[in-house]
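In order, the protein sequence lines correspond to chains A and B. Heads up: the first sequence begins at 1 in the UniProt record's numbering, then just goes up one per residue. Heads up: the second sequence begins at 1 in the UniProt record's numbering, then just goes up one per residue.
Since the hints were derived computationally from the structure, they do not count as laboratory data. Incorrect hints may appear among the rest.
Stated by the list, open to error - Per label pair, the in silico range of CB-to-CB distance:
| id | chain 1 | residue 1 | chain 2 | residue 2 | range |
| --- | --- | --- | --- | --- | --- |
| 1 | B | TYR180 | A | THR149 | 37 to 43 Å |
| 2 | B | ASP29 | A | HIS254 | 55 to 61 Å |
| 3 | B | THR165 | A | GLY292 | 25 to 31 Å |
| 4 | B | SER263 | A | ASP253 | 38 to 44 Å |
| 5 | B | TYR180 | A | LYS163 | 48 to 54 Å |
| 6 | A | TYR3 | B | HIS254 | 54 to 60 Å |
| 7 | A | HIS24 | B | SER30 | 19 to 25 Å |
| 8 | A | GLU151 | B | LYS88 | 21 to 27 Å |
All C-beta atoms, glycine included, are put in the ideal place defined by N, C-alpha and C.
Number of protein chains: 2
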Amino acid sequence: MKYTFLDLVKKIDVVPYYYNPKEHKSFRDSVYTFVSHDGSFRLGYMLPMVAEEFKKHSDVVKVDDKTREVCIKPSLNTLSARNQAFNKIARIWREKCAFDHLKGWRDELYTIYDPDKKPYMRLERAFCPLLGVVMYGCHINGYVIVPGTGELKLWVPRRSATKPTYPGMLDNTVAGGMGYPHGCLETVVKECYEEAGLKAGYVTDHVTSVGVISYFYQYSKGEYASEKGFVQPEIEYIYDLKMDPDTIPHPVDHEAQDFTLMSVDEVVERLKNGEFKHNCAGVIIDFFMRHGLITPEDEPDYVEIQNRLHRKLPFPTR
Amino acid sequence: MKYTFLDLVKKIDVVPYYYNPKEHKSFRDSVYTFVSHDGSFRLGYMLPMVAEEFKKHSDVVKVDDKTREVCIKPSLNTLSARNQAFNKIARIWREKCAFDHLKGWRDELYTIYDPDKKPYMRLERAFCPLLGVVMYGCHINGYVIVPGTGELKLWVPRRSATKPTYPGMLDNTVAGGMGYPHGCLETVVKECYEEAGLKAGYVTDHVTSVGVISYFYQYSKGEYASEKGFVQPEIEYIYDLKMDPDTIPHPVDHEAQDFTLMSVDEVVERLKNGEFKHNCAGVIIDFFMRHGLITPEDEPDYVEIQNRLHRKLPFPTR
């Protein structure tokens, strides 16, 4: 099967929109809402099996099966109290192997925000999809304009065959999660070195911040087959890195097995074959749209793709 | 007062999101929903005074004050039947001066789409805001990279003092509505000549399609003071036009009174002063974000701005 660009976007923007009341309701009926300590805002959506497990921690949350809410206790009214309480639960669940997903434990904290865009909680990265809270990353499009012809080509790595997630699939030039306390540009510089051997000075000289993509992902199949349905609202900060033809990225931490400089036609073909990791396909479609390589003249789903790659999530964000 | 970039975005993305149930409900209670002939989808939101006027056309629509819906009659089951019926009403209302807004009559048809992205209806442009249907335009950012310094500057026109709408305000280099039967690039080429004297060959050689912005506008004050509250969901196709320093745009149709090549700092200052037409401010903010001139490091509302400038509208679109 050949995917359309919209098919690829639908693989990451999965949760139904409220405009489709039937599908939206059926989704909402399948999850519990994770609610702030003062009841004033929602933090995420979680599966009933996670809510069930939370019932054993009535000092931290109140689980209401009628309203289908998991509410943080009012007494947890500071950032540090919440950090302590929830990361303790994460460690307990990890130790007792409550969820396979926690096998991906990273020792990396992700920040969750309140409606004023202030840090509300910091949680172990592998714990976040269990709670369905918003996660953040940075993705970098490394590209070259071929001298003479002016042709645009993209540096495309293949993920290592031994990576636990999406082994062997094609990826963005560089990409990484935004762990605390790193900012966007800082994460970009760090990951460009770790994943592609690019020096900090080179990256800051050549990189441009160009926007975000955001979407509402739901695991169709767990990264661990036993667990599907975790919800992952996601925001990826996007950067373009215009590289000169003489700079060749090379794997340092071996998350990538190799890099190939691909023509746009080759990238399009591999996208349509489904060879790219899902969210990386979204990043490249956004890149192609910003660079006039996908246009309203030739793409019938142009507006829908643009909108769904910039979805406003129903939770507070950075 | 100095506006933030988010303040400027909020001036065009006005209608409350469903995530704010109270504001959203109060908005929904203030409008009637315009519904397709088969009841399967919504076309727009209209004010009660428009729904009231529609009651005199029971051969074309059924107005239900209980459900607050204006439903197209099932018999109007073809594109041409709907075109005929609604444009007849538009002409009648114009003749009897039912709404001041129709004084802006353009003799220009806008296409309304169904959920399959097929044309559903074509309506006089000035009639569209009365029905609250989605409208389309093209906006072009003409910019210059100054040789030597590499500084980016923008070509900014001032709207003619005699224009009926937003007289004397600053604007995008070129912008125009997408009237039937013109496509996006065709509209760009046409408007670039009419508004800025740029030849077709020059435009097609230098222009790049870079995305859309979309937002849910509501008139806070009518363009005609007696009528406020019309709803205008809008999609603008965005193009960047990289111009060489020797090409100087000049008004042809005199919609603009003059063009100034402005530094980024000057544009930012004038944006923050509120000197730009509202939706043109949104276009420039999007431009600045794509060009790394507004970054996540220095803009606290970065994600919210990106999302609100790409709002998925609750109606079918192209």
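> Which hint numbers doesn't this structure obey?
Replying inline: 6 and 8
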